[in-house]
Amino acid sequence: MKQRTSHAAVDINEEIDVHAADEFLDLFGRDRSAVIPVLQAIQNRYNYLPEPILRRVCEISRIRPAEIEGVATFYAQFRFTPAGRHRIKVCIGTACHVKGAEKIFDAFKYQLSIPEQEDTDKQRLFTVDKVACLGCCMLAPAVQIDDVTYGYLDTQKVAGVVQDFLASQETTETGTKQKHTLLRGQIRIEGEVRMCTCSSCTAAGAADVYRAFKRRVNEMGMPVDVKTVGCTGISYEAPLVEVALSGGKRFQYGRVRPDDAGDLLSRHFKPAGLSRRITSTASRFMERLLKDELLDPPIRYPAEPRQGFDSLYWGTQRHIVTELCGTLDPLDLQRYVEKHGFEALRRCSELSPGVIIETIARSGLRGRGGAGYPTARKWSSVLEAGDETKYLICNGDEGDPGAFMDRMILESFPFRVIEGMAIASLTLGVRRGFIYIRAEYPLAIRRVREALRLCEEEGIIGEHIMETESPLHLELVEGAGAFVSGEETALIAAIEGRRGMPRFRPPYPDRDGLWHKPTLVNNVETFALIPWILRNGPDEFARIGTKTSSGTKTFALAGKIVRGGLIEVPMGIPLRDIVETIGGGIREGKRLKAIQVGGPSGGCVPAHLADTPVDYDALVAAGAIMGSGGLIVLDESDCMVDIARYFMAFTQRESCGKCTSCRIGTKCMLEILERLCAGSGTANDVEELEHLAEVTRQGSLCGLGRTAPNPVLSTLRYFRDEYEAHAQGRCPAKKCRALITYRITDDCIGCTRCAQNCPVDAITMRPYERHEIDAETCVRCGTCMLVCPSEAVVVD
Amino acid sequence: MPAVRIDNRGVKVPSGTTILEAAQRLGIEIPTLCHMESIDRFTSCMVCLVQESVTGRFLPSCSAPVTDGMVIETNTEAVREARRNILELLLREHVGDCESPCTRACPLYLDIPVMLGKIARDMSGRVRSTQLTPIPLFRTIEYICPAPCERACRRGSYDEPVSIRLALQAAAEYRITGDTSEALTVSHSSGKKVAVVGAGPAGLSAAYHLRLLGHDCTIFDDQDEPGGSLRTQIPKERLPRPVLDHEINRIRELGVIFLMNRSLGKDVDLRDLRRRFDAIVITTGIATPVIAGSPGIRRTEQGIQINRETFETSLEGIFAGGSAVRPCRIAARSVANGRSVAFGVHRYLGECEADVPGKRFDLHMGTLRDGEMDAFLQGASRSPRIHPSGENEYGFTREEAARESARCLHCDCGKKDACLLRTYAHEYGATGHRYRVQERTRYERILEHPHILYEPSKCIKCGRCVRLTEQRNEHYGLYFKGRSYSVCVAVPFGETLARGLEKSALECTEACPTGALVAR
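Quick mapping for you: the protein sequence lines, in order, are chains V and W.
Quick note on my numbering: the first sequence kicks off at 200 and runs consecutively.
Quick note on my numbering: the second sequence kicks off at 2 and runs consecutively.
Derived by calculation from the structure, the hints in this document are not laboratory data.
Quick caveat, the model's predicted, so the values are computed rather than measured.
Glycine included, C-beta positions come from ideal geometry on N, C-alpha and C.
Among these hints, one or two may not hold up.
Beta-carbon label-pair distances, calculated as ranges [stated by the list, open to error]:
{"hint": "1", "chain 1": "W", "residue 1": "A520", "chain 2": "V", "residue 2": "H890", "range": "50 to 56 Å"}
{"hint": "2", "chain 1": "W", "residue 1": "E82", "chain 2": "V", "residue 2": "R323", "range": "39 to 45 Å"}
{"hint": "3", "chain 1": "W", "residue 1": "E82", "chain 2": "V", "residue 2": "N883", "range": "17 to 23 Å"}
{"hint": "4", "chain 1": "V", "residue 1": "K538", "chain 2": "W", "residue 2": "V55", "range": "22 to 28 Å"}
{"hint": "5", "chain 1": "W", "residue 1": "A4", "chain 2": "V", "residue 2": "I259", "range": "50 to 56 Å"}
{"hint": "6", "chain 1": "V", "residue 1": "Y967", "chain 2": "W", "residue 2": "H434", "range": "21 to 27 Å"}
{"hint": "7", "chain 1": "W", "residue 1": "G483", "chain 2": "V", "residue 2": "E889", "range": "25 to 31 Å"}
{"hint": "8", "chain 1": "V", "residue 1": "V217", "chain 2": "W", "residue 2": "P15", "range": "48 to 54 Å"}
Only chain V is shown next, with the shape it has when bound in the complex (with noise of 0.2 Å):
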């Protein structure tokens, strides 16, 4: 449930000294290129940028005031003013917008007594933001205090969640130390405990589970290896516990608490001595005798830990990408060079560059980003184009929101992507290479950059590339909060220095890139898929698949389906079987309605279609696009007409601002979805949003601005009766909360409890009677729906 990283605390007191400037300077250099760390190191200090600091930047660089103040009020990570002394930050993503993140948003402002037009609240104590994506879909929704990340929320969690958090920073600062450790060598291991720690899976606490078990080794004294691996991406069972005993045997755990180490220990070993055993037994009764059992705390876990694994969530998936997942720590080099690690990069040492890249051209690779544009075609233009300084650079700006797969990737095989890097880094010629990944990403950032290390420690990259001549240095670049600079020329302006703004293409940055160069760019599974296709051959890859998309994608799945998570599939698989094989079919017993696939740019596939299967050519034909992988599940509550305005509101928001047809376009369309599912609409409006998409489409400078209509006009081709329908002021789906109303039954049993938790007070506490609500108050937040005990509150 809970994770840290290491951001320093931050006091609201200190002085702002303007020298930090000079400190990051000499840190970071002195031009252009330097702002955005520069910035973020400000930032990181002091919670906000002073301007005083910023001047004195100017004072002594060559960065010019108008380029610092263009980049900080650019990108959404940057502050101007004070915040509070924590950061709360609401998930906006899909996966959480469609189960209620707007009313949990709501819930934290009420909760801590914030005004309506003001983020912090006036002790100064907490300030409230919407994020775009905490890539932890699968929990949504999801909250991220500082680095504490709480999943499954609900608005009458949020005071909990208020008060845990609390709590939790002042038992940080006592803290408890390890009072044993396990003797080594000294004992024959008999087997493994593996659990995966990346951000989603430690947001549903396993960190806690993580650290529950190694202490209860050591008390237990048992001979067995409590180790972190890569994700398997079952993030709906999470945390997840694999037993895997020396013999080969191996036990999947489900939903596993901190309470349960002891006892999925004992199932499988035995404590050391029966001193040990007896004491272990006393110690944990007595634990649960000191436990306050009326102690409600956040998560709510299944009381039996599930044995066995889902083999239909299994069994359909193809791990390339994602191979030996659940079986190798993320950082553990020699673990990756034993399963095959860098021997796709050693060969390639001796392969010319003509054959690596027609190798990659046999299989039929694809850009995995989203446009899928061919990669061998793109790695040959580089290869052409005559310059000799050369860049190469990493796309890890996943911004998509409802999609997590590069944050998997690159927080749990973060030495596949170096090897994709370097292996185009001999093919090339290319020495220096950029891997960028966006700030809301803080594990992967930590873990990439420990890879790199270890990685130039070992002699795998740095002055040489293993045994050859070529050089190959990689630096880590930081996001600062900005879904464009996903854009490739956005994204160069953003390692330039600058403010995040695409430029027209041609020229294409294979000719005209980074600083003017020929640079490859390329996104975090396009790099992750090369070793194996260069170790197991093009023909394999190409075997999987169908013709035009040929080998395996990733997909975040998320939504309303039973089982989320991170899955790898082979390409022409059939969206239906990825929803009810691997998702489990719908929640709750609802029905399918569509699937929304690509994001932003992409569409919502309805449930008659779902059998349009998992490929480039045939999703757009469906009137989606395949996108980077995100797939968001809806079900007969999801209003469409709220989706197409949840996803025109995002573009809008991240729209650079450059070019008129996206910046004005998206707010003219915008403002009629608004009207729409405001229930002010009209049916001319309907039209006018037809005219506005094909304008936007038309006059716009890059991909952003080009396929931001194309959520509104999918759901206009499958689901006009929707949008005919809020034009006269009716939401069907019962979502839109300008259009409905919350209403109590006779079913009412009077015991106050609505009244008692409506944060409005729209409902007046009448014991033993049937309660009302008042209409006008009502601000539909569904509270008392959720807290009746006898189902009496209906939407109408």
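Could you slot chain W onto chain V? The hints should help.
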């Protein structure tokens, strides 16, 4: 060297040339807003869209490089529509009025803010008027006009409207604005003869303009003295006869012949006039009797029936205007109408296309939002409306006129003649209100720089000023603040515009394609 066809004309250009540059070589013009020679391209406005015929794709010609075999259309209906769509989006973002409400209300479409500006500074001789044709009877009008301009005056919703009529009257009396009713000379003669029947304001105006256009003009009237209802309906306390006579003399001095005491139907008839003149204009006023001897002229309920575009009656060569067609009620309207009829006759007489200043595209801001009046008040005098002290028999002293004119808010756009957005909006027939919304951007007025008026709500984010200040190495300069729809141009660290533009202020105002940055 790639070869490309633009509008079906071929040209070979060096590799890397943009479509815009290639078109320029062929002499084909493509509209641009954000593009500037000698400054890096920005590809922002998208007004320069052209269509590539093979793919059907629309491309920004300022940035798209030419490729061999490309086929480009720059002026088809599809391209024009694409550009019009872009312009309409920009017009939604762009908040401001091209013309002021007073100008719009004035039948003569007088450029009132400009004139008031000159009066306030009491600067005679400096010509910056947008009047394309001079105005006869100007002084007369300023004595008697009921001033629809004042009813429309925006200042009126703050305290009281500017006393426009009196100010313009003073301008005419003291010859401040210079070019309204000065004597002009006729440069050439067309050899054509036009008869004007009725020497009221419409007829006088028609004759005046026809004379300036080079035609011989004779006015017939049944009264002793010319002037029509100006003389018979308006008491001399309101309109001193010397003023009226003086202005009628100016018309006489142009060479217009006045034949008084000639009554239509008795002393003169239409058949007769048709033989002697090449065209006839009937401006006999509101109480026009049935015209004897001319059964062909059709009438409506209100008056003589005319073609709205040509002003011709049902009889060829016979035109009509003024209250004889429809009650004009105010002199300014009659005078304006007389001008339009004169140009109609001029076209009929086969002269080259008359340059009739028609109404150009005019963007409306609509009702002011909270706080916007304060923005308009910046730079204007806060004093209440001045009433004439009585020193002069009629109207303001020169000094009073100057003080009252300083109350003008100048809500017209300072770049209304040079604004490219307006020019293109007019050319492409864009409407300003396609995407109007409930809450538009707030209008602001920034006067921090002594020589610049900055109106951020007119900015179309083309980036010309930002790029220019960077190139000119301004210490602060201008930058793009924020992103998305709320992106705006500002000075770093909240410094004033004066500190932002220390070297390149004037250049920026010239570079700005709209009225956002204007020199003052």
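Which hint numbers doesn't this structure obey?
1, 2, 4 and 6
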